[in-house]
Each structure stands twice: as C-alpha cells, then as structure tokens.
Amino acid sequence: MLIGRRETLQTQSCEDIPLPVVKLNRWVLLLGVVLGLLVQQPLVTTVLFLVLLPAVLFGQRWSAIFQLGTRLFAAQIRTAEREDRRLMRFNNSIALFLFGAAQLAFISGLTLVGWILSLMVAVAAGVALAGFCVGCFLYYQFKLNRFRLLGR
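Residue numbers 1 to 152, in this note's numbering, belong to the letters of the sequence shown in order.
One should not assume that every hint holds.
As the list claims (entries may be wrong) - Okay, the calculated beta carbon distance ranges per label pair:
id, residue 1, residue 2, range
1, 140, 100, 19 to 27 Å
2, 78, 109, 16 to 24 Å
3, 84, 54, 31 to 39 Å
4, 136, 101, 37 to 45 Å
5, 57, 84, 15 to 23 Å
6, 148, 43, 21 to 29 Å
7, 50, 123, 16 to 24 Å
8, 38, 150, 28 to 36 Å
Because the hints were derived from the structure by calculation, they are not lab data. Because the structure is a prediction, the values reported are computed rather than measured. Here a beta-carbon is modelled for each residue, glycine too, at the ideal position from N, C-alpha and C.
Using the sequences and the hints given, assemble the complete structure.
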C-alpha cells in the first residue's frame with residue numbers, strides 16, 4: 001500500500017513545474033508588461049494574454065513558456081525543485097483575467113486602466129521573483145477557506 005502511494009507521489013511530482021520554468025514564466029510576464037509600457041503598445045499585453053490562454057485552458061503541455069523553458073533548462077530540470085502545477089495554473093489564471101480586463105479597458109479607450117491592470121501582473125511577477133508569491137498566498141487562502149466552509 002505504501003509503495004503504491006509513493007509511486008503516486010513520484011508521478012505527481014514529475015508533472016509539477018520545474019522552478020526554472022516557473023521563474024521564466026514570471027520573467028516573461030514582468031518584462032513583457034514593462035516592454036509594452038515603455039513602447040506604449042498595448043498589443044504586447046495582448047500577446048501575453050494569448051500566450052497564457054492555452055496554458056490556463058489546457059494545462060502546461062499547451063504552454064509556450066513551458067515548452068520553451070523545458071528546452072532551455074533541460075540540464076537543470078532533472079535536479080531542480082518543483083512547484084505544484086495547480087499553483088502555476090492558478091497564478092496564470094489570475095494573470096489571464098487581469099490581462100483580459102486590460103484588453104477590454106484598452107478597447108474601451110481606458111488606456112490608463114488597462115496599464116494599471118497590466119502592471120498589477122508585472123508587480124506580482126516581480127514580487128514573486130523576489131521571493132513572495134502573491135498568487136500562491138491567494139491560492140492558500142482560497143483552499144483554507146474552502147476547507148473551513150466545505151470541509152474538503
């Protein structure tokens with residue numbers, strides 16, 4: 001029985017995201033928004049939205065950043081720490097929502113609101129690179145409150 005459980009844990013950890021790929025995802029979001037802001041081109045945030053969309057809808061295998069990261073960091077991935085894939089998907093879902101809202105703001109002519117929403121993603125990515133993952137904290141709070149309310 002214990003062996004079966006251990007195999008399940010090993011299989012699950014193999015599906016989790018290697019930390020170098022997680023950091024690449026954060027850097028892409030941070031630098032993408034900063035670049036878009038510097039050149040005053042909301043289209044950059046549209047590209048980020050479109051890059052995140054398949055990753056959130058279909059999982060890491062559909063993520064262009066994951067695919068790039070696994071090739072770039074192939075040597076490091078074998079020994080790298082891993083992050084739960086659910087955290088990455090949750091964080092990317094928040095970013096996708098904010099980028100989607102930013103796109104609506106840009107289309108509506110509310111450019112400042114669009115940049116504020118996009119900068120929220122950049123700030124969260126920057127803070128995560130510095131060591132505190134805002135999305136992870138929100139995920140933990142969500143799970144904790146769900147457990148308190150529903151008991152699961």
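Verification of the supplied hints:
| no. | hint | verdict |
| --- | --- | --- |
| 1 | 140 x 100: 19 to 27 Å | holds, 24 Å |
| 2 | 78 x 109: 16 to 24 Å | violated, 49 Å |
| 3 | 84 x 54: 31 to 39 Å | violated, 20 Å |
| 4 | 136 x 101: 37 to 45 Å | violated, 21 Å |
| 5 | 57 x 84: 15 to 23 Å | holds, 19 Å |
| 6 | 148 x 43: 21 to 29 Å | violated, 43 Å |
| 7 | 50 x 123: 16 to 24 Å | holds, 21 Å |
| 8 | 38 x 150: 28 to 36 Å | violated, 45 Å |
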